[in-house]
Amino acid sequence: MSIVVNGLAVAPPGDPRVSLLDHLRETLHLTGTKKGCNQGACGACTVLVDGERILSCLALAVQCDGREVTTIEGLAEGDALHPLQAAFMEHDGFQCGYCTPGQICSAIGMAAEAKRGVPSHVSADLGGAVTLTREEVQERMSGNLCRCGAHNGIIDAILETAMMEEGA
Amino acid sequence: MTPFSYDRAGDVAEAVRMGAAPGAAYLGGGTNLVDLLRETVARPERLVDVSALSDAISETDDGGLLIGAGVRNTALAAHPVVRERYPVLSRAILAGASAQIRNMATVGGNLMQRTRCTYFYDTDGSRCNKRAPGSGCDARGGFTRIHAVLGASEACVATHPSDMCVALAALDAVVHVERAGATRTVAFGDFHRLPGERPDLDTVLEPGELITAVELPALPVAARSTYRKVRDRASYAFALISVAAALEMDGERVGDIRVAFGGVAHKPWRATQVEDALRGAALTDEAIGAAAAREFADVQLLRDNAFKPALATRTLIAVLNALKTGETA
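Chains as they are written, first to last, in the working numbering: chain R, 400 to 567; chain W, 60 to 388.
Think of the hints as simulated: they come from the structure by calculation, not from any bench.
For clarity, every value in this text was computed on a predicted model and none was experimentally measured.
Hints may contain errors.
Below, in silico cross-link-like pairs of lysine to any residue (SDA-like), each with a Cα-Cα straight-line distance of 25 Å or less [as the list claims (entries may be wrong)]: (1) W:Lys383 x W:Pro139; (2) R:Lys434 x W:Val100; (3) R:Lys434 x W:Thr182; (4) R:Lys434 x W:Arg102; (5) R:Lys514 x R:Cys547; (6) R:Lys514 x W:Glu143; (7) R:Lys434 x W:Ala137; (8) W:Lys383 x R:Ala523; (9) W:Lys383 x W:Gly267; (10) R:Lys514 x W:Phe63; (11) R:Lys434 x R:Asp524; (12) R:Lys514 x W:Ile116; (13) R:Lys434 x W:Phe297; (14) R:Lys514 x R:Leu474; (15) W:Lys383 x R:Gly527; (16) R:Lys434 x W:Asp181; (17) R:Lys514 x W:Pro62; (18) W:Lys383 x W:Glu265; (19) R:Lys434 x W:Tyr180; (20) R:Lys514 x R:Gln494; (21) R:Lys514 x R:Cys495; (22) R:Lys514 x W:Ala115; (23) R:Lys434 x W:Ser294; (24) W:Lys383 x W:Tyr180; (25) R:Lys514 x W:Asp181; (26) R:Lys434 x W:Ala296; (27) R:Lys434 x W:Glu98; (28) W:Lys383 x W:Arg353; (29) W:Lys383 x W:Gly310; (30) R:Lys514 x W:Asp114; (31) R:Lys434 x W:Pro139; (32) R:Lys434 x W:Met60; (33) W:Lys383 x R:Asp524; (34) R:Lys434 x R:Pro415; (35) R:Lys434 x R:Phe493; (36) W:Lys383 x R:Val521; (37) R:Lys434 x W:Met308; (38) R:Lys434 x W:Thr99; (39) R:Lys514 x W:Ser294; (40) R:Lys434 x W:Ala83.
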């Protein structure tokens with residue numbers, strides 16, 4: 400078995416104590432994924448596992464054996480940025496940039512959740528289709544903190560990208 | 060983290076065989092356990108990964124729902140039957156943690172999560188009877204804004220942190236448990252313990268026992284139910300107070316009712332006195348207030364949590380009025 404990271408099969412760590420976050424950063428040298436709080440409170444370490452957003456600091460790397468992990472390094476196609484990456488630049492969705500990889504991975508996972516109708520804490524109707532309003536995006540992205548306070552730009556970038564995809 | 064071995068169980072039988080070993084602990088999504096390992100609050104010698112087991116949700120013959128212990132929180136909150144027949148459960152899950160954590164966290168793990176009492180986590184500087192039995196409790200006399208007002212003991216004033224479990228307490232859920240050679244069921248209200256002299260024991264599970272499923276009975280009153288959580292920020296924070304409630308009116312009077320409080324005790328607090336007082340009564344703010352006063356009659360306040368009974372009462376009034384008028388959000 401192996402972990403597939405951005406399309407490449409890698410060996411899981413020998414020591415089961417290694418978190419997915421540390422495995423990505425220290426063993427695979429994929430340092431785009433950031434260590435913020437290392438206790439599940441900030442979202443900076445968010446990556447996609449089998450397409451779902453999770454916190455890599457609270458996952459043991461061995462738990463991801465046989466799964467596909469996508470990090471910020473796996474999003475661009477060559478020099479062509481992922482639409483969200485471009486939108487974050489366009490809307491100043493960051494200042495220092497430390498939370499950005501987690502924000503972008505989280506936003507990709509969030510869009511997939513909304514598309515398949517997962518409700519949120521602020522959804523008035525539990526049964527209906529999801530419309531990504533500003534309030535919905537704020538709630539759904541609440542697991543990603545930005546200490547620089549770039550949240551308005553982050554949400555603008557996410558909303559614009561969601562609208563582009565809807566129109567596409 | 061202290062060293063441990065890791066095995067992924069292929070099925071429940073293999074899991075309980077592995078889990079019978081001394082020093083073994085079951086691993087679900089890891090959202091709480093990995094943190095506890097890192098802080099060395101938890102020091103298992105062997106982790107048995109059960110997160111890929113029992114991940115189905117199926118309808119039972121008598122109109123209820125059987126939820127596998129490995130079902131992720133997101134999947135449960137989004138399940139069409141849960142949204143329609145048990146909206147309080149969807150609402151409670153969606154009020155908890157963040158989307159990333161809900162994607163990881165399992166149903167079984169949610170039941171097993173441990174208090175967020177800061178003294179419990181402070182291995183370097185604080186005494187805690189839950190972490191180190193007999194060592195004392197530094198929460199008493201410390202910062203107690205999040206601590207219990209009902210059912211606490213001299214040994215422990217911690218609260219249970221789960222939102223989902225408050226809904227399950229209101230819904231008369233049943234926990235399915237298995238160990239090598241034996242299965243049993245535990246009524247949800249009996250699953251979590253009050254601290255008493257043994258705050259190190261959060262639940263009635265015996266060593267090696269594994270939660271395999273949570274069963275919801277058919278419960279017509281739950282079709283009109285909701286969850287409201289009061290916390291220090293609008294999202295991604297633990298509850299100061301929460302209310303899970305289901306209400307069925309019979310004209311102007313209460314037909315059937317279920318109420319549970321979160322944030323008040325060592326376990327999700329099923330408010331049977333509120334239910335008994337309101338069943339058959341006219342649903343006025345005064346009646347709800349009087350019912351809540353009965354529930355909080357034996358309240359024990361600490362330095363920083365005296366606001367909780369009043370906050371719980373006001374939240375209950377708001378929730379029941381919303382359910383009565385049909386605004387369930």
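Hint-by-hint comparison with the structure:
{"no.": "1", "hint": "W:Lys383 x W:Pro139", "in the structure": "23 Å, holds"}
{"no.": "2", "hint": "R:Lys434 x W:Val100", "in the structure": "21 Å, holds"}
{"no.": "3", "hint": "R:Lys434 x W:Thr182", "in the structure": "22 Å, holds"}
{"no.": "4", "hint": "R:Lys434 x W:Arg102", "in the structure": "23 Å, holds"}
{"no.": "5", "hint": "R:Lys514 x R:Cys547", "in the structure": "29 Å, violated"}
{"no.": "6", "hint": "R:Lys514 x W:Glu143", "in the structure": "19 Å, holds"}
{"no.": "7", "hint": "R:Lys434 x W:Ala137", "in the structure": "30 Å, violated"}
{"no.": "8", "hint": "W:Lys383 x R:Ala523", "in the structure": "16 Å, holds"}
{"no.": "9", "hint": "W:Lys383 x W:Gly267", "in the structure": "44 Å, violated"}
{"no.": "10", "hint": "R:Lys514 x W:Phe63", "in the structure": "40 Å, violated"}
{"no.": "11", "hint": "R:Lys434 x R:Asp524", "in the structure": "36 Å, violated"}
{"no.": "12", "hint": "R:Lys514 x W:Ile116", "in the structure": "21 Å, holds"}
{"no.": "13", "hint": "R:Lys434 x W:Phe297", "in the structure": "22 Å, holds"}
{"no.": "14", "hint": "R:Lys514 x R:Leu474", "in the structure": "19 Å, holds"}
{"no.": "15", "hint": "W:Lys383 x R:Gly527", "in the structure": "22 Å, holds"}
{"no.": "16", "hint": "R:Lys434 x W:Asp181", "in the structure": "21 Å, holds"}
{"no.": "17", "hint": "R:Lys514 x W:Pro62", "in the structure": "41 Å, violated"}
{"no.": "18", "hint": "W:Lys383 x W:Glu265", "in the structure": "41 Å, violated"}
{"no.": "19", "hint": "R:Lys434 x W:Tyr180", "in the structure": "20 Å, holds"}
{"no.": "20", "hint": "R:Lys514 x R:Gln494", "in the structure": "29 Å, violated"}
{"no.": "21", "hint": "R:Lys514 x R:Cys495", "in the structure": "30 Å, violated"}
{"no.": "22", "hint": "R:Lys514 x W:Ala115", "in the structure": "22 Å, holds"}
{"no.": "23", "hint": "R:Lys434 x W:Ser294", "in the structure": "22 Å, holds"}
{"no.": "24", "hint": "W:Lys383 x W:Tyr180", "in the structure": "41 Å, violated"}
{"no.": "25", "hint": "R:Lys514 x W:Asp181", "in the structure": "41 Å, violated"}
{"no.": "26", "hint": "R:Lys434 x W:Ala296", "in the structure": "20 Å, holds"}
{"no.": "27", "hint": "R:Lys434 x W:Glu98", "in the structure": "16 Å, holds"}
{"no.": "28", "hint": "W:Lys383 x W:Arg353", "in the structure": "22 Å, holds"}
{"no.": "29", "hint": "W:Lys383 x W:Gly310", "in the structure": "10 Å, holds"}
{"no.": "30", "hint": "R:Lys514 x W:Asp114", "in the structure": "22 Å, holds"}
{"no.": "31", "hint": "R:Lys434 x W:Pro139", "in the structure": "36 Å, violated"}
{"no.": "32", "hint": "R:Lys434 x W:Met60", "in the structure": "17 Å, holds"}
{"no.": "33", "hint": "W:Lys383 x R:Asp524", "in the structure": "17 Å, holds"}
{"no.": "34", "hint": "R:Lys434 x R:Pro415", "in the structure": "19 Å, holds"}
{"no.": "35", "hint": "R:Lys434 x R:Phe493", "in the structure": "17 Å, holds"}
{"no.": "36", "hint": "W:Lys383 x R:Val521", "in the structure": "20 Å, holds"}
{"no.": "37", "hint": "R:Lys434 x W:Met308", "in the structure": "51 Å, violated"}
{"no.": "38", "hint": "R:Lys434 x W:Thr99", "in the structure": "19 Å, holds"}
{"no.": "39", "hint": "R:Lys514 x W:Ser294", "in the structure": "22 Å, holds"}
{"no.": "40", "hint": "R:Lys434 x W:Ala83", "in the structure": "29 Å, violated"}
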